[in-house]
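Student: Following the hints, put chain B in place on chain A, whose structure we already have.
2 protein chains.
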Amino acid sequence: MPQHENVTVRLAQFIVDSRWRDIPQSLRKEAKRSILNHIGCALGSCRDEVVERALVVADRFSGPRVATVVGRPERLDILGAASINAMSSNVLNFDDTHVPTVIHPSASVVPPLLAWSEHRRVSGPELLHAFILGAEASCRIGRSVSPWHYSHGFHITSTCGVFGSAAAIGKMLGLTAQQMTWALGNAASQSCGLVESLPDMARSIAVGNSARNGIVAALLAEQNFTGGERAIEGTFGFARVTGQQADLSKITSGLGQSWELPLNAYKPYPTGVVLHPVIDACLELRSEHAISPGDIEHIAVRGNPLLRERADRPAPRGSGEASVSLHHCCAVAFIHGAAGVRQFTDEAVVQPAVLALRAKVAMTEDAAVGIEEAYVTVRTRSGASFEKHFPHLRGGLQCPMSDAELETKFLDQAMLGTPGCDAKRIIDVIWHIDELDDVAGLARMMVPAAL
Amino acid sequence: MPQHENVTVRLAQFIVDSRWRDIPQSLRKEAKRSILNHIGCALGSCRDEVVERALVVADRFSGPRVATVVGRPERLDILGAASINAMSSNVLNFDDTHVPTVIHPSASVVPPLLAWSEHRRVSGPELLHAFILGAEASCRIGRSVSPWHYSHGFHITSTCGVFGSAAAIGKMLGLTAQQMTWALGNAASQSCGLVESLPDMARSIAVGNSARNGIVAALLAEQNFTGGERAIEGTFGFARVTGQQADLSKITSGLGQSWELPLNAYKPYPTGVVLHPVIDACLELRSEHAISPGDIEHIAVRGNPLLRERADRPAPRGSGEASVSLHHCCAVAFIHGAAGVRQFTDEAVVQPAVLALRAKVAMTEDAAVGIEEAYVTVRTRSGASFEKHFPHLRGGLQCPMSDAELETKFLDQAMLGTPGCDAKRIIDVIWHIDELDDVAGLARMMVPAAL
Numbered sequence: 000m001p002q003h004e005n006v007t008v009r010l011a012q013f014i015v016d017s018r019w020r021d022i023p024q025s026l027r028k029e030a031k032r033s034i035l036n037h038i039g040c041a042l043g044s045c046r047d048e049v050v051e052r053a054l055v056v057a058d059r060f061s062g063p064r065v066a067t068v069v070g071r072p073e074r075l076d077i078l079g080a081a082s083i084n085a086m087s088s089n090v091l092n093f094d095d096t097h098v099p100t101v102i103h104p105s106a107s108v109v110p111p112l113l114a115w116s117e118h119r120r121v122s123g124p125e126l127l128h129a130f131i132l133g134a135e136a137s138c139r140i141g142r143s144v145s146p147w148h149y150s151h152g153f154h155i156t157s158t159c160g161v162f163g164s165a166a167a168i169g170k171m172l173g174l175t176a177q178q179m180t181w182a183l184g185n186a187a188s189q190s191c192g193l194v195e196s197l198p199d200m201a202r203s204i205a206v207g208n209s210a211r212n213g214i215v216a217a218l219l220a221e222q223n224f225t226g227g228e229r230a231i232e233g234t235f236g237f238a239r240v241t242g243q244q245a246d247l248s249k250i251t252s253g254l255g256q257s258w259e260l261p262l263n264a265y266k267p268y269p270t271g272v273v274l275h276p277v278i279d280a281c282l283e284l285r286s287e288h289a290i291s292p293g294d295i296e297h298i299a300v301r302g303n304p305l306l307r308e309r310a311d312r313p314a315p316r317g318s319g320e321a322s323v324s325l326h327h328c329c330a331v332a333f334i335h336g337a338a339g340v341r342q343f344t345d346e347a348v349v350q351p352a353v354l355a356l357r358a359k360v361a362m363t364e365d366a367a368v369g370i371e372e373a374y375v376t377v378r379t380r381s382g383a384s385f386e387k388h389f390p391h392l393r394g395g396l397q398c399p400m401s402d403a404e405l406e407t408k409f410l411d412q413a414m415l416g417t418p419g420c421d422a423k424r425i426i427d428v429i430w431h432i433d434e435l436d437d438v439a440g441l442a443r444m445m446v447p448a449a450l
Numbered sequence: 000m001p002q003h004e005n006v007t008v009r010l011a012q013f014i015v016d017s018r019w020r021d022i023p024q025s026l027r028k029e030a031k032r033s034i035l036n037h038i039g040c041a042l043g044s045c046r047d048e049v050v051e052r053a054l055v056v057a058d059r060f061s062g063p064r065v066a067t068v069v070g071r072p073e074r075l076d077i078l079g080a081a082s083i084n085a086m087s088s089n090v091l092n093f094d095d096t097h098v099p100t101v102i103h104p105s106a107s108v109v110p111p112l113l114a115w116s117e118h119r120r121v122s123g124p125e126l127l128h129a130f131i132l133g134a135e136a137s138c139r140i141g142r143s144v145s146p147w148h149y150s151h152g153f154h155i156t157s158t159c160g161v162f163g164s165a166a167a168i169g170k171m172l173g174l175t176a177q178q179m180t181w182a183l184g185n186a187a188s189q190s191c192g193l194v195e196s197l198p199d200m201a202r203s204i205a206v207g208n209s210a211r212n213g214i215v216a217a218l219l220a221e222q223n224f225t226g227g228e229r230a231i232e233g234t235f236g237f238a239r240v241t242g243q244q245a246d247l248s249k250i251t252s253g254l255g256q257s258w259e260l261p262l263n264a265y266k267p268y269p270t271g272v273v274l275h276p277v278i279d280a281c282l283e284l285r286s287e288h289a290i291s292p293g294d295i296e297h298i299a300v301r302g303n304p305l306l307r308e309r310a311d312r313p314a315p316r317g318s319g320e321a322s323v324s325l326h327h328c329c330a331v332a333f334i335h336g337a338a339g340v341r342q343f344t345d346e347a348v349v350q351p352a353v354l355a356l357r358a359k360v361a362m363t364e365d366a367a368v369g370i371e372e373a374y375v376t377v378r379t380r381s382g383a384s385f386e387k388h389f390p391h392l393r394g395g396l397q398c399p400m401s402d403a404e405l406e407t408k409f410l411d412q413a414m415l416g417t418p419g420c421d422a423k424r425i426i427d428v429i430w431h432i433d434e435l436d437d438v439a440g441l442a443r444m445m446v447p448a449a450l
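Order-wise, the sequence lines are chains A and B. Per numbering that gives the first Met the number 0, residue 0 is the first one in the first sequence, and the count goes up by one each step. Per numbering that gives the first Met the number 0, residue 0 is the first one in the second sequence, and the count goes up by one each step.
Just chain A, same shape as in the assembly (with noise of 0.2 Å):
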């Protein structure tokens, strides 16, 4: 038998063996940065039409609801909360992204967990634990069909989300090596999501199912029902089914050596990627100059083709599309001196400065500027013009956003979507989390204490 076949025994067995001890402090951190980024999304976007249309129906069919809907009076059984607030965290697709993949990771395996510590007792480093573990497994899995997986339509997140929730739950569960084999090929079996679904509604039902139906694979397995010895590497298993020369090497590798979570990356802003570098260097602008938005005349962007092709929109029609226009994001960056997500609701897209702004803006795209940087070049009435070149994607792993902008992005996100709960203090136990007994206190934190 070739050297990575049998992965989906090998990597049960590896997240039942896994201990503590044996988490490096870095790996420990990354988790704490993550979970921390995950839930200021999950605050921020509590009140989207998703989430309350999903709620209305997830709310018909609880059973015993002991656990917190994030930012919300409403409470659901451990199931229908991790969907929900899988949901809520991964919307605006501001949540962290595994950058060899673009897997979401958290969207898939905070959720179950924080459902989970209010079910059971789970101390601060068994959340952590398992944390790392299912990112791990999500990741891994991700990575042994990528790139074909993704680009050939089914959605990462979601196809693979699903094995982190079954492993994370798994591990709270202690089940054994054959019952974790099993809760994997439970998650495969569930294993759902497609493309096409990304710029609609039914997007979110996928990544809710990753998160719920993981708990349910490995709250099976618990119950010996079996999943089977090859769900991931068999010849109609999940990888040959959904990649391409599927790499399963990928999954067992360095297995404990090399960790996924280190390649996490941050958004700062909630827009496409391409857009980064042009925020930054108005915002760069606008503080090194301190240039007064009334002073400006005209703003040229220069670019990727990449740039244009994504972002040419001078007129968005909303928060979806303002996400995603260039001229939006050089308006509220020169207005504001921002470019959060309070800059991109409804109500920012049609505020009478933003659109007098958005009309002065214009984009030459030159295929020499690479899709990590932008030039921004901005004439004042006065007749002076300042440009910037900004060299590269802040939040990416060269530039990894710092603890404190992940507070920042934390604060502001919460905020908007939570006002009323005390945001500094969920920093707070987010940062120290590895030194409690119990975790059951942080959810119910994220209920404004008015609701």
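It should be emphasised that the hints constitute simulated quantities derived from the structure, not laboratory data. Among the clues, some could well be false.
Coverage of chain B stretches by chain A, computed from C-beta distances (three or more under 8 Å per stretch; other residues unrestricted) [said to hold, decoys possible]:
#1 49-57
#2 182-188
#3 200-210
#4 237-251
#5 343-354
#6 376-390
Sample of chain A residues at the chain B side, in silico, Cβ under 7 Å [claimed, not checked]:
#7 PHE60
#8 SER196
#9 LEU219
#10 GLY226
For each label pair, taking beta carbons as the anchor points, the in silico distance ranges come out as [claimed, not checked]:
#11 A:GLU51 / B:TRP19: 46 to 54 Å
#12 A:GLN244 / B:ASP21: 29 to 37 Å
#13 A:ALA176 / B:PRO146: 34 to 42 Å
#14 A:SER252 / B:THR363: 48 to 56 Å
#15 A:SER150 / B:GLU386: 58 to 66 Å
#16 A:GLY419 / B:PRO63: 27 to 35 Å
#17 A:PHE385 / B:GLU4: 46 to 54 Å
#18 B:ASP437 / A:ASP421: 48 to 56 Å
#19 A:PRO418 / B:VAL101: 50 to 58 Å
Idealized CB from N, CA, C, for every residue including glycine.
Tutor: Then chain B, alone, in the frame of chain A:
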């Protein structure tokens, strides 16, 4: 735009526009036969280990317990009941088979409707109509991606069944054409199931999900949860992602003129299809020549090489292996004059008389014998020898099971799996279901009075 683009919208429009008066009598009759066969299977297998274990988990998370679990005292919310009843009907693969696709269409569509009938008032014609439309949706979508989809590794009953459930419940909800389109999109986003899981319990999770998640898809669509317009035919939609050279015309050609349920077949025996002509030959020999098992010295079977490959299994170790054992099938046919569910229980496999007769069976392969036929020669102690050629597949489309045979199969399963329920009354209600104003009573009849 080519003729067969836009199939998601057109299929949705057809489902919405369909009227009961346009459904031909013969189709209504076939729908009743499918439902009868389906419910018999669910009654027969409602105590299978798959059901027992899945129920432990489903029971913990049930919302309002309005819906019957077939054959059992437990009640669940409509999502949970739909899921569990789908599993019990299909776990032995003894339910209906849509011949062109090998989809088991009833498993995904009847359980949601049965549960729905306990949640809202549903008339018999409404239930039959929604079932016909749901099966039509599953099977047409399945045809569009066949045969590549299943042979590549997608478990077509589950992957396509979710569309049928969504269509059926969407019809119950009276969705608009726009909402029905979204319901299909919300279903596409949840489509799951791998062939690798077929030998394991995990297979049943996906079957259960197809029934459950179709309901969710329709209920979300009712909330205007958007599912896109091209979830099936889009570049990254269901047919292109999970099919190779998908034929979209199969979804819309002759909608309302040609129907899929007349291509639904019912298995007379709970065994691999290749064994059916062997069993029929044995049963005819036994009855025509009044052969007593004690008189038999040798049984020689001559059949297609595929028969040996699939069923040359002299010493099956349990129910599952017995259902694909040539030797076991011959033995029980001669001993019991039957090959129903009770001849394939774990107990039946270890009966001394069965063991003794299995040892006298031998097979010769002959490529000249078709896979739908078989020759059986029996030699008795007195030296007599009788040969029987059974030339076709009983229960297939050329030689369908009669209503009386379906009733016998139903009674056999009901008595085995759910002794104490009034099986004859259920049969009577199903044959007359189109005369009922309210079918809620049907589900409740499936629980023995003593429970």
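Student: If a hint holds in the structure, say so; if it doesn't, say that too.
Tutor: Evaluated hints:
no.: 1; hint: 49-57; verdict: holds (count 5)
no.: 2; hint: 182-188; verdict: holds (count 4)
no.: 3; hint: 200-210; verdict: holds (count 6)
no.: 4; hint: 237-251; verdict: holds (count 3)
no.: 5; hint: 343-354; verdict: violated (count 0)
no.: 6; hint: 376-390; verdict: violated (count 0)
no.: 7; hint: PHE60; verdict: 4 Å, holds
no.: 8; hint: SER196; verdict: 4 Å, holds
no.: 9; hint: LEU219; verdict: 6 Å, holds
no.: 10; hint: GLY226; verdict: 4 Å, holds
no.: 11; hint: A:GLU51 / B:TRP19: 46 to 54 Å; verdict: 35 Å, violated
no.: 12; hint: A:GLN244 / B:ASP21: 29 to 37 Å; verdict: 49 Å, violated
no.: 13; hint: A:ALA176 / B:PRO146: 34 to 42 Å; verdict: 37 Å, holds
no.: 14; hint: A:SER252 / B:THR363: 48 to 56 Å; verdict: 50 Å, holds
no.: 15; hint: A:SER150 / B:GLU386: 58 to 66 Å; verdict: 59 Å, holds
no.: 16; hint: A:GLY419 / B:PRO63: 27 to 35 Å; verdict: 31 Å, holds
no.: 17; hint: A:PHE385 / B:GLU4: 46 to 54 Å; verdict: 50 Å, holds
no.: 18; hint: B:ASP437 / A:ASP421: 48 to 56 Å; verdict: 52 Å, holds
no.: 19; hint: A:PRO418 / B:VAL101: 50 to 58 Å; verdict: 55 Å, holds
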